[in-house]
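Chemist: Please build the complete structure, drawing on both the sequences and the hints.
4 protein chains.
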Amino acid sequence: MARLGFVGIGNMGWPMAARLVGAGHAVAASDLSAERVARFAAEHGARAAADAADAARGAEALITVLPTSREVAAVADAVAQALPPGALFIDMSSGHPGRTREIAARLAARGIRMVDCPVSGGVARARSGDLAIMAGGAAADLDAAEPLLRAMGGSVHRCGGIGAGQAMKALNNLVSAAGLLIAVEALLIGRKSGLDPDVMVEVLNASTGMNNATQRKLRPFVLSRRFDSGFGLGLMAKDLTIALELGREAGVSAPFAALCREMWAAGAAWLGPDADHTAIAKLCEALAGEALTGGTG
Amino acid sequence: MARLGFVGIGNMGWPMAARLVGAGHAVAASDLSAERVARFAAEHGARAAADAADAARGAEALITVLPTSREVAAVADAVAQALPPGALFIDMSSGHPGRTREIAARLAARGIRMVDCPVSGGVARARSGDLAIMAGGAAADLDAAEPLLRAMGGSVHRCGGIGAGQAMKALNNLVSAAGLLIAVEALLIGRKSGLDPDVMVEVLNASTGMNNATQRKLRPFVLSRRFDSGFGLGLMAKDLTIALELGREAGVSAPFAALCREMWAAGAAWLGPDADHTAIAKLCEALAGEALTGGTG
Amino acid sequence: MARLGFVGIGNMGWPMAARLVGAGHAVAASDLSAERVARFAAEHGARAAADAADAARGAEALITVLPTSREVAAVADAVAQALPPGALFIDMSSGHPGRTREIAARLAARGIRMVDCPVSGGVARARSGDLAIMAGGAAADLDAAEPLLRAMGGSVHRCGGIGAGQAMKALNNLVSAAGLLIAVEALLIGRKSGLDPDVMVEVLNASTGMNNATQRKLRPFVLSRRFDSGFGLGLMAKDLTIALELGREAGVSAPFAALCREMWAAGAAWLGPDADHTAIAKLCEALAGEALTGGTG
Amino acid sequence: MARLGFVGIGNMGWPMAARLVGAGHAVAASDLSAERVARFAAEHGARAAADAADAARGAEALITVLPTSREVAAVADAVAQALPPGALFIDMSSGHPGRTREIAARLAARGIRMVDCPVSGGVARARSGDLAIMAGGAAADLDAAEPLLRAMGGSVHRCGGIGAGQAMKALNNLVSAAGLLIAVEALLIGRKSGLDPDVMVEVLNASTGMNNATQRKLRPFVLSRRFDSGFGLGLMAKDLTIALELGREAGVSAPFAALCREMWAAGAAWLGPDADHTAIAKLCEALAGEALTGGTG
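Chains as they are written, first to last, in my numbering: chain Y, 1 to 297; chain L, 1 to 297; chain W, 1 to 297; chain B, 1 to 297.
In short, the hints are calculated from the structure, not lab data.
Check the hints yourself; a few may be wrong.
It does not matter which identical chain is used: a pair holds within one copy or between any two.
[To be verified] Below, in silico cross-link-like pairs of lysine to any residue (SDA-like), each with a Cα-Cα straight-line distance of 25 Å or less:
#	residue 1	residue 2
1	K282	L292
2	K192	G232
3	K192	A250
4	K192	F227
5	K282	D228
6	K282	G194
7	K282	T241
8	K282	G111
9	K192	A105
10	K192	G161
11	K282	G272
12	K282	R248
13	K282	L271
14	K192	G98
15	K282	R216
16	K192	R225
17	K192	L271
Modeler: And the structure:
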């Protein structure tokens, strides 16, 4: 029964915070949208905090689920006084490992322990508490965070020291993004060659071409043209940029990954960062001069 | 209880032909290596044919499992006289759809019905009769072939007219090859950034980065450095070339797929076509200046 | 003073045929557009032929300047009876070396000698007779063609046997297309970083970044947004496809070239094949989310 | 007749410093290699400084020609006390614009004016004083630097505020590196298809495929297999990394540029950063499975 602050009640943060409430914790919620916080508090029985510092006041742990390391840094600065010494700062955003280490150093100077615990799995798995959590930080700090993480995720993977969770997350999303991109290109070549995209998805899933996108994204979000998976194109492009920056900082050349990032960045430029990440298929269609559904181009 | 010819007793052909014998069919086996044929006949109770024409003589169906469309065309010419009119020519190689349509037209002129039924799944699934089979051809011909296909595969996917199975196969392997390539690059960036490749594989498999390679190839063949999956680099590069030629013929631009093919073709040039396809990791390591295992580069 | 047929009075063919008339030859001109032929005949004092066969009748040499090998093959079939034995068939189109060798074999069976002599330099250099001509064919046939080629080109480069001129042309255009593409991407990165594209062009031309596009295309066709160089996007994409097919047939992996082709093919799909090839900059702008001129994106 | 310090007497720095001496300036030279400094001083009549601070003492201007922004930052810290207020700090290295702006801010705090003036042209043009100089900085500071720059370069291009010279340099080298890479790939495809690389270079130079590499690098450094242009592979890869980081920071997707960088980074990993940049051809040969010279692969 811990006293918690939770900052960022977005697509993912909402069901994650709800799971913590459901597990019996006392949650003070904060978000840029006061309306959203009020709605969350009413629906789930949480306290609506006035701001991040208010959510942090007296909390044993503060959880952040925010777009980028920039917002996390701002929250860290805002709550450093409010959090009691020894408190945990659990960042579950998909941030940049280097930025995260800087934030952790600043928090450590005030006696606050940071761990980075980004997640994978999407909104549906957030609701069912079945997220995959990638955790970075000191072992003792991760031990302390573990019960809270277990309330939100089906598996907690310890990846190394602070920043390691986010490095893992960025690289996971690189593999995920590439799997969607290549599957869409394959469907486009196939369709123009006379194959039925729906049959193709069935065969890919029964064969070595299977991946997370062929199983969970092509039919519900792409071929249906709903493009509403809940994970934005700009966020995916950001994660891939982090993955490639890791490569560059490490001096590792990765040509295939580099082209992957450029195509997602181009998608975010062309379709806007707020488009759903599955709408990358529209960029592929434009480049291919062919559509995945409807009359052939 | 059909009378069958089987041409190509290689890594894949051997267990596939063995499943047909096991299902009670009378199989006459042929291969470039007479020694291999003799060994197969002795082990499984098949007839050792002198050559492809001998295997075809009087057969209701001839099955081919060969490296490329070139060998299939040669066999088709060699057996056209020996096969009785109305016989089935079931090509289970990964060939080029266009070449296959030419072969089918030549066979049709002699009253022989061709279907193209390439497979996916590798040696282990060939042994257990659990291959995914992608079938192209006229519906009546596929109906006739179905019982034989069922003896070898766990699923038979009808993809369209003659050549459609091979188009599907090439595109499936494109998605498969891309999944391995990007996973290896991600492991390399991760390792140089301080992550443990073995932990990374575990996390990818629990997350959206999951694909066939993260599940079945990275640990047994790549991280183990055994590189002995049984599917060659040159064959994978050939399938990707077919996929890209389909795209080119269809006028579809697919930048990510194109780079994928080039990297596999480069792998085949650098490591030799007979290297295992999982050894593509060695090319990635050379380009990255970093190894996946052992001391860091 | 030769008697010549000339088929294809397009952007390039017109000034090339005009140079032959100007050099004193008797030219019978043919084109799909009878109106264009009539206009050319009136302006330059040539004979307006009814069709390709009429242009070929009794000619010592027939010159073709057509979009692809397909049209050249059709003309070759149409004129094979009309051309006297021993006549020269000088194809100056940008065709596929393999197709060209097939056409040459068919013509040789009727005693007609083929050489392939595609050109580089664009409309302005066609007018001034300063084209670079890449010639393939038997030495004696090229000797015979040389005086005619000299009337159209500033330099004649013998590249090898039949088809070698077109292989060279496709590879030249690959290098040319890549030079334009990378320069546009550099200008886009620079502009968004605060540099002035016009200054950038000046510096590139004074430095190691200089290429044919920085010198002759960026300012007059791209930064001016006139996009009217006279050479189409679809034709450039076709040449790059030929270059990459050469690589594939030769078993040569060329990742950078492959991506280059895909981007031009995507440009042709997105902007239409009839757009000017310099309009590839619009595709780069769309992918970059930034424009080269006007307000910043 | 200015009193100057010069730090970095390497491949490029040596002839540049020599030109300043030749123009009548009093130069105090410094380098990590005292032996090299002694030799330079003896040959050209300069003063051999004990270290960078000694070279800077009392100088009106200090010129740096160093590998990366890291070394420039170290020198800036070392000389900030020794340089008189109002002195010019002229950095002619190929650095990172962002790092350069940070250095400039630190120097400004001590009253020292920084300009960034990287060069293009290579060792030969450094000797003849014909370098292209890309200059960034305040107009008054560039006015003050101009006479010194004129002693080393044939042209001085003002690109904008501090850092703009280096942004321009990185982007120039991106275009330059791409021009060499695509030309080598074209030669490899051509050679395997039967063309003579030497003839190909001649034709490219007469055609639209012309660029700085086809004119100045392919024959003397690549086809000769001398690989001794004097500009290292690691330095080129670094410049391309800067160019791509500019793109990333500006939010510009540039797929072709991104692949270019990866290939150069891979070259530096595979051949070592000290290999000559023209040796990138060896990487292309390895990927292509074909050599540019000697027996065919």
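Chemist: Against this structure, judge whether each hint is valid.
Modeler: Cross-check of the supplied hints:
1. When the C-alpha separation of K282 and L292 is checked against a cutoff of 25 Å, the pair qualifies both within a copy, at 9 Å, and between copies, at 24 Å.
2. Proximity of K192 and G232 under a CA criterion of 25 Å is satisfied inter-copy only: 24 Å between copies versus 28 Å inside one chain copy.
3. When the C-alpha separation of K192 and A250 is checked against a cutoff of 25 Å, the pair qualifies only between copies, where the shortest distance is 6 Å, while the shortest distance within a copy is 41 Å.
4. With identical chains, the CA atoms of K192 and F227 are at most 25 Å apart within one copy only, with a shortest distance of 22 Å there and 30 Å across copies.
5. In this homomeric assembly, K282 and D228 come within 25 Å of each other (Cα to Cα) only inside a single copy, at 13 Å, whereas the closest approach across copies is 29 Å.
6. For a Cα distance limit of 25 Å, the shortest separation of K282 from G194 inside one copy, 20 Å, qualifies, whereas the shortest one across copies, 30 Å, does not.
7. Both within a single protomer and between protomers do K282 and T241 lie at most 25 Å apart by alpha-carbon distance, with minima of 21 Å and 24 Å respectively.
8. Taking CA atoms no more than 25 Å apart as the test, K282 paired with G111 passes in neither setting, with 48 Å inside one copy and 45 Å between copies.
9. For a Cα distance limit of 25 Å, the shortest separation of K192 from A105 across copies, 22 Å, qualifies, whereas the shortest one inside one copy, 54 Å, does not.
10. For the homomeric pair K192 and G161, the shortest alpha-carbon distance between copies (14 Å) is at most 25 Å, but the shortest distance inside one copy (48 Å) is not.
11. Taking identical chains as interchangeable, the C-alpha atoms of K282 and G272 lie at most 25 Å apart whether they share a chain (12 Å) or sit on different chains (17 Å).
12. For the identical chains of this complex, K282 and R248 are inter-copy neighbours only, at 20 Å across copies versus 29 Å inside a copy, given an alpha-carbon limit of 25 Å.
13. In the homo-oligomer, the alpha carbons of K282 and L271 lie at most 25 Å apart both inside one protomer (8 Å) and across protomers (15 Å), since each shortest distance falls under that limit.
14. Proximity of K192 to G98 under the C-alpha cut-off of 25 Å is restricted to the inter-copy arrangement: shortest distance 14 Å between copies versus 44 Å within a copy.
15. In this homomeric assembly, K282 and R216 come within 25 Å of each other (Cα to Cα) only inside a single copy, at 18 Å, whereas the closest approach across copies is 31 Å.
16. For a Cα distance limit of 25 Å, the shortest separation of K192 from R225 inside one copy, 18 Å, qualifies, whereas the shortest one across copies, 33 Å, does not.
17. Proximity of K192 to L271 under the C-alpha cut-off of 25 Å is found in both arrangements, the shortest distances being 24 Å within a copy and 19 Å between copies.
The earlier numbered hint that this structure contradicts is number 8, and it is the only one.
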